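Chains as they are written, first to last, in my numbering: chain A, 1 to 310; chain B, 1 to 310; chain C, 1 to 310; chain D, 1 to 310.
If you are wondering where the hints come from, they were derived from the structure by calculation, not from laboratory data. Since this is a predicted model, take the numbers as computed values, not measurements. Take the hints with a grain of salt, since some may be wrong.
No distinction is drawn between identical chains; accordingly, a pair holds when it is met within one copy or between any pair of copies.
Listed next, the in silico EDC-like pairs over lysine to aspartate or glutamate satisfying Cα-Cα at most 16 Å (straight line) [unchecked claim]: (1) 237 / 289; (2) 237 / 141; (3) 237 / 164; (4) 237 / 142; (5) 237 / 186.
What follows is the residue order along each chain.
Number of protein chains: 4
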Amino acid sequence: MAIRGLLRVGEVAFRVMDMKLARQHYGERMGLIETLEDADGRVYYKTWDELDHHSVVIREADRPGIDHFAFKVYDDATLTDLEPKIEAFGLKVERIPAGVYPKSGRRLSFVLPTGHTMQLYAEMERVGNTMGYHNPGVLPDEGVIRGFRIERLDHILLGGPNIEENERLFTEVFEMSVSERIIDADSKVSMAIFFSGSNKPHDIAFQAQPDGNRFHHASFRLQSAADLVHAADLIGKYRIPVDVSSNRHGVTRGLTIYFFDPSGNRNEVFTEGYMHYPDSPTIVWDTNDLGHASWSQDNVVRPSFFTVLT
Amino acid sequence: MAIRGLLRVGEVAFRVMDMKLARQHYGERMGLIETLEDADGRVYYKTWDELDHHSVVIREADRPGIDHFAFKVYDDATLTDLEPKIEAFGLKVERIPAGVYPKSGRRLSFVLPTGHTMQLYAEMERVGNTMGYHNPGVLPDEGVIRGFRIERLDHILLGGPNIEENERLFTEVFEMSVSERIIDADSKVSMAIFFSGSNKPHDIAFQAQPDGNRFHHASFRLQSAADLVHAADLIGKYRIPVDVSSNRHGVTRGLTIYFFDPSGNRNEVFTEGYMHYPDSPTIVWDTNDLGHASWSQDNVVRPSFFTVLT
Amino acid sequence: MAIRGLLRVGEVAFRVMDMKLARQHYGERMGLIETLEDADGRVYYKTWDELDHHSVVIREADRPGIDHFAFKVYDDATLTDLEPKIEAFGLKVERIPAGVYPKSGRRLSFVLPTGHTMQLYAEMERVGNTMGYHNPGVLPDEGVIRGFRIERLDHILLGGPNIEENERLFTEVFEMSVSERIIDADSKVSMAIFFSGSNKPHDIAFQAQPDGNRFHHASFRLQSAADLVHAADLIGKYRIPVDVSSNRHGVTRGLTIYFFDPSGNRNEVFTEGYMHYPDSPTIVWDTNDLGHASWSQDNVVRPSFFTVLT
Amino acid sequence: MAIRGLLRVGEVAFRVMDMKLARQHYGERMGLIETLEDADGRVYYKTWDELDHHSVVIREADRPGIDHFAFKVYDDATLTDLEPKIEAFGLKVERIPAGVYPKSGRRLSFVLPTGHTMQLYAEMERVGNTMGYHNPGVLPDEGVIRGFRIERLDHILLGGPNIEENERLFTEVFEMSVSERIIDADSKVSMAIFFSGSNKPHDIAFQAQPDGNRFHHASFRLQSAADLVHAADLIGKYRIPVDVSSNRHGVTRGLTIYFFDPSGNRNEVFTEGYMHYPDSPTIVWDTNDLGHASWSQDNVVRPSFFTVLT
């Protein structure tokens with residue numbers, strides 16, 4: 001039946017404290033493609049190989065973080081099917097008509113046990129990647145791949161309490177797999193849980209945090225390690241604040257760089273990582289090997305990675 | 001609901017004309033890991049990052065080609081669910097008990113409209129990749145990644161008549177997407193159809209051929225373009241017959257090398273390629289741009305690619 | 001004493017038959033940086049990481065090929081030192097005053113035994129790579145690295161008779177090494193001779209040809225195999241005629257692509273290759289292994305590579 | 001005249017405090033090839049693509065650091081030529097007969113103004129890279145490229161006082177270029193000076209240190225960024241102590257990882273970097289941009305990099 005239900009994180013709505021600096025960061029430097037500035041001043045971006053209208057939205061606010069994130073689902077019937085299941089799980093579902101969110105079909109919105117506002121939608125205006133679908137070639141128009149050469153929004157990591165409740169929602173209702181898990185070696189309590197509903201090692205993950213509705217990072221997929229090196233060079237050139245420079249995660253086996261937008265929201269660029277299937281056993285890491293689980297190329301635990309969120 | 005139904009091509013059963021040469025090719029040179037030689041002399045291989053017992057089987061025969069291929073499905077209930085649907089589609093389904101095929105659970109077997117024997121199974125003995133699932137690290141034991149550094153069996157391309165009938169089966173019964181299609185520019189008839197049930201640009205494809213049950217190639221996934229270069233160097237070193245050296249496909253955008261095993265069965269190593277989702281529109285190429293569709297780095301049509309099969 | 005005498009091929013003067021097409025090719029597509037259009041309509045280009053004013057010159061003519069090539073030498077005293085030695089070798093040396101060639105100091109010009117006009121100069125106006133020499137950073141201004149991402153003009157291969165006479169000049173007078181040689185397996189006659197005066201596997205090479213003053217190719221260095229893949233994608237996108245797509249040379253171990261400018265002049269992009277030192281023994285290939293010597297990833301001899309010159 | 005005089009750092013003689021651990025580090029893990037264990041227990045290593053007998057020597061001692069380093073020079077006449085010049089510079093030169101150092105021709109030995117013992121030799125027994133010099137192919141025998149896939153010993157960085165005196169020796173007597181320099185922004189005093197006598201951005205460098213004869217690191221060249229990622233993965237797997245994980249130097253533009261051998265001697269793996277020529281202007285960095293000069297991908301000054309030496 002292939003991939004059905006929740007397809008991917010299709011929209012992340014960031015709060016930024018300075019639109020000019022944020023547009024410089026996401027647009028000019030990272031190279032996301034601006035597709036809209038709406039009447040409320042929100043700016044919409046897509047990556048070069050995404051076909052839908054946008055995946056990133058920024059709005060000016062007095063504090064960083066995200067307002068919501070949204071998964072695209074397979075079709076409208078999926079929304080109809082999921083709504084009562086989410087209600088039965090115990091979350092109140094708000095129906096948002098088409099058009100309330102620009103370029104978007106109707107949405108379901110609900111608050112996760114971890115305090116995050118999550119939405120689902122089946123339709124978004126399609127803008128393409130400039131290549132079309134008939135004899136498209138393999139490269140888009142000149143200038144479309146630029147900046148960090150980001151292919152796609154890949155995944156997000158969020159922090160909050162009750163991550164096991166989120167686990168029950170994402171596995172039982174959304175039927176994703178737990179691809180990996182980090183546990184406390186003594187208490188066996190889950191510190192972070194990684195979910196995949198695709199061949200990617202994770203589509204979304206949650207980190208245990210005392211306060212709810214915290215944002216850890218949004219991650220953008222690059223084609224190759226060579227592009228990761230190029231992104232690292234640009235990050236350094238622009239003096240973008242770096243959280244952790246080039247390394248490989250034990251979790252997911254992905255190559256990674258973490259950096260911050262001018263408002264302190266953490267971004268990641270990501271490439272490689274293994275291919276996940278629903279018959280892949282869950283990989284468990286414990287805190288005895290937290291350095292290697294986090295940063296397998298130097299095994300150094302960075303405490304800020306578990307404490308700095310927006 | 002994530003990936004369900006048919007997960008991936010999990011087994012390809014090759015006929016080879018000289019076992020010693022074939023073992024040198026698949027084992028010593030390509031670097032597949034031999035997991036079994038059975039009582040009938042069949043040899044079983046896996047790639048380093050596959051967890052199941054094997055994905056490639058070779059047996060000695062007087063002509064090359066494949067005996068069958070098999071998809072792993074999500075679970076046993078999937079077999080139960082699909083059996084009547086395949087029958088309703090019009091194919092006779094044979095039930096093969098567990099254990100008939102070594103290390104494998106029960107199977108369904110049927111002959112495609114293109115003449116190929118296709119099987120489905122839900123269980124195969126798991127042997128892992130030497131890393132385990134608890135604090136596994138990111139690299140397997142020394143010597144496990146060797147030869148061409150192949151991660152996984154990726155996909156197969158088969159030739160035969162009635163590929164539109166296969167399309168109906170793979171889309172309506174197996175609920176895969178048609179990710180790409182090559183058509184004759186004049187007649188609009190499909191020359192090749194590519195199916196994805198995952199994030200891969202294709203899991204299986206069929207090429208129109210006058211004779212049924214023809215094998216075009218099996219493809220093995222590499223991590224990166226750097227590993228493709230390394231594989232190309234080894235192919236050259238071992239004087240392995242090359243069909244088409246390093247190039248990029250327009251279809252799938254994958255980097256590729258085609259070469260032949262000592263019996264003339266075509267193999268591919270493959271990397272990159274875009275990320276497919278079920279909401280990705282089908283990409284159509286026509287014969288006016290067949291060179292770029294096939295080999296986008298030099299646009300040269302290689303007729304043998306459409307005529308040499310086993 | 002480090003590198004002295006002839007430093008590198010610093011200028012290649014191409015004849016092209018259509019300036020508009022040539023500028024599209026060398027400028028817009030390959031991404032060379034135009035630094036001058038002179039009063040005679042000649043257009044001058046540099047690569048992004050070259051510091052001197054130009055390395056490629058194109059002029060319109062009724063046939064392709066090159067007018068001359070020039071080596072930059074260490075200093076003016078080198079010119080003074082070499083002039084009598086070249087004369088003693090038996091070549092007539094013409095002195096060309098500074099400024100005759102734009103942006104260039106005085107030159108020595110002479111005709112090689114193979115019929116090619118070779119020049120030497122010690123001074124060229126410096127234009128830099130936009131980074132400066134004080135706290136330069138590691139990346140030039142945006143847009144400076146573009147197209148094929150070419151770092152430098154790397155080497156040239158020329159065809160003509162009497163290549164052993166050239167060998168005597170380049171080793172005895174210019175004191176370069178013969179890094180590699182291709183010989184006829186039977187007659188032991190040299191078919192191609194490769195010279196290095198640096199850590200590069202070759203700075204210039206000569207191929208035996210019945211007619212003199214023939215141009216085989218000019219080669220441009222890329223940073224990495226990843227950039228070679230990118231160049232290959234652009235070559236395919238622009239439908240640039242390809243001679244041989246991605247492969248590795250046995251000679252030099254360099255990764256390579258050969259393609260033609262719109263006038264039929266052969267270009268190469270090149271990366272990797274071993275590090276040469278003057279104590280490296282000469283590597284000899286014979287015609288029994290000509291496929292691997294030429295194209296080590298598929299071992300196929302391409303006869304055109306030995307017969308198509310401009 | 002190509003490269004003459006001092007060719008490259010050809011030998012580094014390490015002191016290690018535990019031979020078993022050191023052999024595990026340099027041999028089994030880094031993948032250097034052991035070529036000799038001499039009667040005094042010294043162990044000799046070469047990298048896969050070096051042709052001479054060895055480039056690294058380790059001996060057991062009660063403290064880490066190096067005993068000496070040695071440059072290979074062009075020929076024996078170079079030794080004869082340089083001896084009086086070094087004496088004239090003011091250093092006492094010791095003549096060491098051939099064979100005192102295993103596999104080595106005669107040597108000149110002297111103590112640099114920075115306190116380091118430097119040697120020169122023109123001859124070392126040649127062992128090759130298993131490929132030979134006649135139709136060698138492009139890859140050595142299986143297993144020769146292993147571990148970190150190191151191609152060559154690349155350069156060394158040493159610490160001591162009087163680095164400007166070393167500069168005078170390396171430029172005036174050895175006729176190398178100063179490729180780069182780091183100065184104190186206020187006093188303009190040189191903190192580090194980088195010398196090249198080749199196309200490499202540096203062959204040797206000196207860092208100002210109060211105490212003489214200090215060893216900062218020896219660096220090993222890799223083919224590509226992909227191999228750097230692979231080395232980083234192995235460093236993490238083996239839990240080798242990391243000084244600075246993957247980054248790019250502003251100085252040299254090289255991609256780099258620093259790590260320590262079990263005795264605390266710093267090693268580097270290095271790739272990319274620009275191509276140096278003797279007409280390249282010296283690049284100067286000052287302490288106002290020390291972060292970018294050192295680690296251009298995150299701009300973070302690591303003080304230990306200027307204080308931890310052996």
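We went through each hint and held it up to the structure:
1. 237 / 289: Intra 33 Å, inter 12 Å, cutoff 16 Å: inter-copy only.
2. 237 / 141: between (25 Å within a copy, 10 Å between copies)
3. 237 / 164: neither (41 Å within a copy, 31 Å between copies)
4. 237 / 142: between (23 Å within a copy, 11 Å between copies)
5. 237 / 186: Answer is neither; intra-copy 43 Å and inter-copy 24 Å both fail.
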